[in-house]
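Asker: These protein sequences, in sequence, are chains U and S.
The opening position of the first sequence corresponds to residue 1 in the working numbering, with each subsequent residue numbered one higher.
The opening position of the second sequence corresponds to residue 1004 in the working numbering, with each subsequent residue numbered one higher.
The hints are simulated quantities; they were obtained by calculation from the structure and are not laboratory data.
Being a predicted model, the structure only gives us computed values, none of them experimental.
Glycine is no exception: its CB is placed at the ideal position from the N, C-alpha and C atoms.
It is possible that some hints are incorrect.
[What the hints assert, rightly or not] Capping the alpha-carbon separation at 30 Å, the derived lysine-lysine pairs in DSSO-like fashion look like this: (1) S:Lys1115 with U:Lys896; (2) U:Lys888 with S:Lys1053; (3) U:Lys709 with S:Lys1112; (4) U:Lys397 with U:Lys522; (5) U:Lys890 with S:Lys1112; (6) U:Lys862 with U:Lys896; (7) S:Lys1094 with U:Lys449; (8) U:Lys709 with S:Lys1049; (9) S:Lys1107 with U:Lys709; (10) U:Lys709 with S:Lys1053; (11) S:Lys1094 with U:Lys896; (12) S:Lys1049 with U:Lys910; (13) U:Lys896 with S:Lys1049; (14) U:Lys696 with S:Lys1115; (15) U:Lys890 with S:Lys1049; (16) S:Lys1115 with U:Lys709; (17) U:Lys283 with S:Lys1094.
[What the hints assert, rightly or not] Computed list of chain S residues with no C-beta within reach of chain U, every gap over 12 Å: (18) Cys1012; (19) Asn1071; (20) Asn1092; (21) Lys1094; (22) Glu1098; (23) Gly1101; (24) Gln1102; (25) Lys1107.
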Amino acid sequence: MNKQLFRVKDLGQVDRSKPLRFKFDGKFFVGYRGDTLASALLANGIHLVGRSFKYHRPRGILSAGAEEPNALVQVGEGNGTDPNTRATQIKLEDGLIVKSQNRWPSLLLDLGYINNLLHRLLPAGFYYKTFMWPSSWWMRYEYWIRRIAGLGEAPKGADPDRYEKTHAHCDVLIVGGGPAGLSAALAAGKTGARVVLVDEQDSFGGSLNSNTDCTVDEHTTLDWRKRTLAILEGMPEVILLNRTVATGYYDHNFLTLLETVSPGQQNQSEYKTRQRLWKIRAKRVVLATGALERPLVFKDNDRPGIMLSASMRAYLNQYGVSPGNRVLLFTNNDDAYRTAISLKENNIPIAGIVDLREDPTGELVDRIRHEGIALYPGYAIVSTTGHLRIKSVRIMKLNDDGTKVIGNAKDITCDCIGMSGGWNPTVHLFSQSGGKLEWDDKFERFLPKIANQPLISIGACNGTQSLSDCLKDGLKAGAESARATNNKGRAPGTPRVVESKCNDERAIWIIPRENSYKKNGKYFVDFQNDVTASDISLAAREGYRSVEHLKRYTTMGMGTDQGKTSNVTALAILGETLGTTAPNIGHTTFRPPYTPATIGAYAGRNVGALFDPIRTTAMHEHHEEFGAKFEHVSQWMRAWYYPKPNETMQQTINREVKAARDSIGLLDASTLGKIDIKGLDAAEFLNRIYTNSWLKLAPGKARYGLMLKEDGMVMDDGVTTHLNSNHYHMTTTTGGAASVLDWLEEWHQTEWPDLDVYFTSVTEHWAVASICGPNCRSLLAELAPELDLSDEAFPFMTVKEGDVAGIAARIFRISFTGELSFEINVPRRYGLALWQALIEKGEKYDICPYGTEAMHVLRAEKGFIIVGQETDGTVTPHDLGMDWIVSKTKHDFIGKRALSRSDMLKSDRKQLVGLLNENENEVIPEGSQIVEMLQPSPPMAMIGHITSSYYSPNCNRSIAMALIKGGKARIGKTLHIPLKNKTIKVKVTDTLFLDKNKELTDG
Amino acid sequence: MLYIECPWCGFRDDEEFHYGGEAHIQRPTDPNELNDEEFSEYLYLKSNPKGVILERWLHSRGCRRWFNVLRNTVTNEITEIYPIDTLPNSKEGTEYYGQNWRRKSSVEKTIKPREYK
Ligand SMILES: [Zn+2]
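One chain only, chain U, in its complex shape (with noise of 0.2 Å):
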C-alpha cells in the first residue's frame, strides 16, 4: 500500500527510510518523515481535499504554506479534534488521523454542490439581501446557512490538551528562517547577542529547500543552510524555533509566537504539551517573513491540481513531489520558468508556459526555448475544463493592452497548473506594528514603509528579490540589530551568489473572457469564502466603495486565511471597478493573529482550578464539614447556607433567619475587607472620605459609612472604627476590598500627599465570627469571662479588646441584621478554634451557623442596603433614603459637590422603596421589571426593578426592595409587574419590613 506514485526518484529531503502511515477520509496513506500532510497526499496523487465554503467547489492543494486557504482539514478525534488546520502545515507523524471538511456525505459526491448550479442565487451580500425579512424567520434560516456553508467542526467538549505559556526576553527577534532571516541570525549570534530565530514552518531554510537552481559560495543552497544551522546551533545565546509563528505584534516591541510540540518531543517529556505561548520582549525586531504568491484570475481558476508555481517548485525540490503527469504553467512573471527548469531536470512532462507578457526575455526564458518547452507570450488562459481534477484548458493571445482576447483559441490538456501572478510581501507583521505601507507600481505589491517600533523588514517581504540581496541585506540587519543592542561585532563577509535574474511583471489583474456576451464560469479571487472578481464589481456598483464595507459585505479576506492571497488582487479589482488605483483604495487592517491560534494556548494552564485563584476563610473546614453549599463572592468561596437532610434550601434559610432573631445565629465574615489606617491626619482623610463627620470619632467608637464616587454615587459601605489615636479599622463590602484600598491611595497619593496616612490591607490577617440574636451576649460572657459586656461598660458602636476563648481578640458590637451583636475579630490562624469554641458553647442555646442568604433575609428584613445589589453606580445616597448619613455641615468630601447637582435633585430620580406582593408566599424574581400601567402585551413602560427579593421568616411573607422611577411618591399605590406567564400585583411600602417600631436597632 505504500504506493506514492508521483515520488520523484532521490529528489528532496523527506526521509524515505521512515515511512509513516496516515488516515485521510478513513483511507490510509503513506508519506515520509519530513513530509507535510498536503506533500504526502500529493505523493499519493490526491489534489482534491475540500470542499469550497458557499458553492461547494471541489478544491485542491493550492500553495505549500500559511496562506492556504483551500486545504483545510479536520485533524484528530474527540475533544482533542482542530479542525480548519491547513494540511500545507501540518507535520506528518505516524497514526495521523484527518477528515475533509465541508462536504456531504463524501468529498467526491457532495449534495452542497448544489449551491454552484444556483450560483445566480448567490451573489455577494447574498445573506444579507435574502434572509433579512421575515426577520422572526432567522433562526429556521441560520440552522441550514451553518449547515451548508461551514467549515470544520468544533470539539464537543473541553480541550484534553495541555498548553503552556512561557515569557522571554531577547536582544534580536528574528522572524522567518529563509535566507535572510537565517544570515541575520547568523550575524548577530556572532556578536554573542541574544537571538531568537523562529519559523513557522518544520525546517528552517524558507526558499533555500525549494530554489535549488543557485548556488552560495560554490555549495548548493541546502548545503548553505545546513552548514548555518550548525553554526547557529553552536551557539549558546542562540535559540532556534521551528514549528513557530509569530502571531501577533504589539506595542513595545513585544510578540507572542505559538510554538507548536510535535508528538515526538512530547513523548521525551512528562508532561504532553500541545502548544506553548511565547510572549517575548525583542529589544530589536528583523522582519524577515518572505512573500507570498499571487494567484491568477481567470474563469475556473479553482480546479483541484491548479496551484501556485512555486509551491509546485517546493512540493518537488523539498518533498520529492511530482504534481502530475502534464504540468503547465502560468505567468506574468519570470518564477513559473524556474518551476518549469526544476520539472524539466526531473523529466516531468510540460505542456507549455502560458505568459501574459508579450515579449518574456531574459536567462530563465532563453534556457526554457532551448530545452523546447513550449512557449505562449501574451497568451491567457480563457477557460478550464475538469470537475474533480483540471483536464484541459483554452488559451487564446491577449490584445496589446490586456483587456481583451483576440484570435483564434488552443486548447491544451494538462493534470496540473502552475500559476504565478507575482508575489505580495508578507507585511502582516508589520502592519501589525504599526508600520506604514507604500504602495509600488511597478510590481503592484505594499510594501513596508516607515516602521513604528525598533524594527527593520529584510528579504522578500522588503521587497528584495534576488538571493544575493536577501543574504546580503539579513547579514547586514542582524549585524546592526545587535550593536543596537549593545553587542560588538562585525557582520561575516557576504557569500558568493550564483542565480538567475528576474525580470519585471505583466499586471493584469483579471484575465478578459473569451466571448464578452457569455457571463458564465466563475473568476475567484478569494478562494476560501468564495468570493469572485464579479462579486467585487457588484459591491463595487451596490456602493461598497471602502475596502472596509467591501470586506464586510462580501466576505473578501475574512476566514481562516485572512484573504493572504486574495486581498491585494481583490483591492486592485476594486479599484479598478472605481476607475482609482489600489493605493487609492486602502488597505484592511492586519489583525493578530497572523494565522489561527488555539484558543487553548492564550488559556494556557490557567483553566479548571487554575482559571482564577479561590480563596477561603479559616473556617472553610468546619463549613464544608457542616455540608454547607458555598457561593462565590468576588474570589471568595463564602458559606451560602447549610442545609439539614432532607431540607429545601427554603427550609434551610427560613430555620438559620429564625434562629438568628430567637436565639443566637452564626456568621462567618472574615471575607469583609479589613483596611488598617494610621496616621496623624487619618481622621482628616476619612473625613474627606465618607459622607459623615468623622473628626469627633472618639477612640475605642465605631460608625457607619457611606463612600461615594466624585459623581455622587454609592461606591461602598463599611464600619470604620477608631481603635485608638490615629489608628482606624475601616471595612468594606467582600467585594470592594481591593478598589476601596486602590481608592483611599489615589486619593492620598494624588490629591492629598500632605496627610500624614498610612493604609493596609489586613483582610486577610483577621478571621471574624458574628453571632447575634438575643443569647449571645451569654454566650460571649461565658467565652470571655473577663470582660464585661454590659450595656453600660460595652455600648452598641464600641470596640473591646480581650480574650474570647482563650484567644486576643477584638470585639465590635455592631449589627447588620438589628440584633444584638459581636463582631470577634482573631488573627486568622485562630478562627477555626474560635469558631469551634463557639458551636460547643453555644450548644446548648441552639446556636445556627447561618450563610449568606440568611444573612441578605435578615438585612432586608431590616431595610438594610447591599452596595452592588441595591445600587449600581447610577444611585445616590438620597436614593436609597439615606439623607441621614450625608452630613450637611461638612462643607467638602468626595461627591459632595454632585449632590447638588441639578440631575441629581429631580423628583423622578429612581428610589429604594419596599414591596409587598399581594400574594404573601410567592417571591417575586430579582430583576423584574416594574409598570404603572399594564397593557395587553409589550412595550410598556418600565419604571423601575427588583434588586432584592426573599421570603422572610421573621415577617411570614414575602418581601422585596426596587428601585422605582419616583418611588417615594408612590408608597401606597399598587404597582405591577408583568412576567412571561402571569402579572403579579404588588404594593409600594417603605424598606422596614420588620420592626416597624425601630425597637431592634440592636437587640
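Dock chain S with the ligand against chain U, hints included.
Answerer: Quick look at chain S with the ligand alone, frame taken from chain U:
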C-alpha cells in the same frame, strides 16, 4: 503590550499597571464654588488628543505608587515618566501642559495652585 518604566521598580509589562486617565486634573479647592457646568468639566471632560498626552499610571501589581507618563496616543511611545506631584520636564511635555485647554479654563482658576516640587 506597553513596556512601562516604573520610577521605583524599573521596566515592567503593562499588565502590572493600572491606567489612571489624564494627569493634572486637580480637584477644585472648593467644588461648591463651581456651577454645574464647571463642575461637570472637572468631573467628565477629558482631553483626547491625537499625539502627546500626559496621563497617570499606577503600578498596582508592584509598588502600588502613582506616577505620570508622557505617551503618544498614535505610536504609544513613552518619552517621559515623572513623579505624580511634579510637572513634566521634557520640551514636548512642558509644551503640551502649557497649551492644554484646561490651563485656560475657569475651573482651574478656582484651584489653589499645587506646590509642585
Ligand atoms: Zn513600581
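Asker: Looking at the structure, which of the earlier hints fail to hold?
Answerer: 2, 11 and 19
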